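> Heads up: the protein sequence lines correspond to chains A, B and C, in order.
Just so you know, we're using our numbering here: the first sequence kicks off at 16 and counts up by one.
Just so you know, we're using our numbering here: the second sequence kicks off at 1221 and counts up by one.
Just so you know, we're using our numbering here: the third sequence kicks off at 4 and counts up by one.
One or more of the hints may lead you astray.
[What the hints assert, rightly or not] In silico negatives: residues of chain A with every beta carbon more than 12 Å from chain B:
hint, residue
1, ILE30
2, GLY33
3, ALA34
4, ALA35
5, GLY38
6, VAL39
7, GLY40
8, HIS41
9, LEU51
10, THR63
11, LEU64
12, SER78
13, PHE87
14, ALA88
[Stated by the list, open to error] Which stretches of chain C does chain A cover? Using the computed rule of at least three CB atoms under 8 Å from a CB of chain A, they are:
hint, stretch
15, 56 to 66
16, 186 to 195
17, 229 to 239
Calculated directly from the structure, the hints in this document are not laboratory data.
All values reported here derive from a predicted model rather than from experimental measurement.
By construction, the Cβ of each residue, glycine as well, lies at the ideal position given by its N, Cα and C atoms.
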Amino acid sequence: MEGELAHIGAGLAAIGSGAAAIGVGHVAGNFLAGALRNPSAAAGQTATLFIGIAFAEALGIFSFLVALLLMFAV
Amino acid sequence: MAENTNALGEVAVGAPPGMPQLDIGTFDNQVFWLLITLVAIYFVLSRVALPRIAAILAERQGTITNDIAAAEDLKAKAEAAEAAYDKALADARAEAQRIAGETKAAIQADLDVAIEKADADIAAKAAESEKAIAEIRAGAMDAVAEVAKDTAQEIVAAMGGKADAKAVAAAVDSRMKG
Amino acid sequence: MADDAKGGGGLEFHPMDQFIVKPLFGEVGDPVHWYTITNATLWLALAVLAIIGLMVLTTSKRAVVPGRGQSIAELMYGFVYKMVEDVTGKDGIKYFPYIMTLFMFILCANFLGLIPMSFTTTSHIAVTAILGFGVFFAVTILGFVKNGASFLGLFWVSSAPLPLRPVLAIIEIISYFVRPVSHSIRLAGNMMAGHAVLKVFAGFAQVAAIAPVAIIGVMAIYGLEVLVSAIQAYVFTILTCVYLKDALHPHH
C-alpha cells in the first residue's frame, strides 16, 4: 500500500516538470521578444538567458528528483 | 528496500538496486577517483595545454600584427611610388607645356618678323604704286591741261581771235584748279 | 522492486541500472572499496584521456594556421576565457585554469556518457556534489580572504529600503546556501533524467508494434541529450563564474 502511495506521489511530483517547462518557456519567450525589439543588445544577454533557463530548470529537476526518490528510495 | 544491500556494496544480480546514485557505499570510491581525475585534468591543462594554446594565440596575434604592419609598409611604399609617378607625370607635362610655349613663342616671333616684313614690303609696294599712280595722274593732268590749252587755243583761233598762248594757259590752269 | 518496474505485456524497465557502480574487474557482487577500480574509474580516466587528446595532442604542432583539432582546442579556450573575462572581469582571469578544468571535465564526461553502454560519471550526485560544494567552499573562502568581513555585504542589499533589508538578507543567505545544492543537483539531475528517459524509450522498443516510434523517440531524445550535455557544462561553468564574481565584487 505504501508503495502504491509513493508511486502516486511520484506522479504528482512529475507535475513539477511541466511547471518548470512553463518557466523555461517564459524565460526563452521573453528573451526572444526583447531580442527582436533590440537585436543589437541580444547577443550580450545570451549568458543571462542561459542562467535564467538554468535556474528555472533546476526547480523542475528538483521535482524530478523527488519523483525518483519516491519511486526508488522510499 | 534494495538500499540495505547496496549500502553494503553488494549489488545482487537481477535485483534492481533502486537509485544507484543514493548508494552511499560507492561514494568514497567515486569521490576518490574524481579528485584524482580533477587534479590530473588541472595539471594537464594548467601545465601543458593552456600555456601552449595561449602561446599559439599570442604568436598568431603577433604574426597578424606583423603582417598588417608589413602590408601597411607596402601600402605606404606603393603610395610613395604613385606620388613619384604623379610628380614625374606632372613634370613631364609642365616640360611639354614649356617646350610647346617656347616653340609657339619662337614661331610667333618668326611670324611677326615675317608679317612685319611682308607689311613693310606691301607698304613699300603700295607707296611705289601710289607714286606711280600719282605720276600717272599728274601726267594725265598735264596732258589734260595741254590738251585743254591746245583745244582752247584752237577754239579761240577758230573763232577768229588771236589766241594769246599765255592767257589761255593761265585760264585753263585757273579753271582746272577751281 | 522488480515487480514494480514490470509493466503489462511483459515490458521490463531498468532505467537506473546504467548508473550502477560496479568493479571493473571481478564479479558484479564484489564489494566496492574506496580504491577499487570501478566502471566510474574507467570513464573518469577516459575523460582525462579525452581532454588530453582534445587539448594537448591537437595542439602539439603549434601551427599558426590551425588544423581541425587545433581549432577545436582554441575554440574551447577562447570560449571559456571570454566567459570568465565577461562575467568576472579582469581580476577573475587568474582563476581561468580552474574554471577551464571544471568545464572540460563536465563537457567530456557528459559527452562520454552519451556513448551507448557507457557510464555517465556526472549523473552521480556524489560526483556533482564534490564539484558543486568544491566551488561553493572555494568561492566562499576566496570571498572572505579577498574582502574580509565586507564579504557579508553580499547579503545586505544596500539598494533596498532599510526595513526590507533584514528580510532580504535572510532570503539572500538561504539562496546562497542553496547554491551548491542546486548547482550539483542540476547537473546530476539533467544527466540522470535524460539517460533514464533514453532507457525507458529503449524499453518500449521491446514491443514490435511501437518499436519504430520508440526508436525515433530514442533518436530525438538523444539529440536533445547532446544539446543538454553541452548546455549543462556551459551553465555549470557560467554559474561558477557568477559565484566567483560575487566573491570578488560582493557589493551589488
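> Quick one: which hint numbers does this structure break? Sort them smallest to largest.
13, 14 and 15
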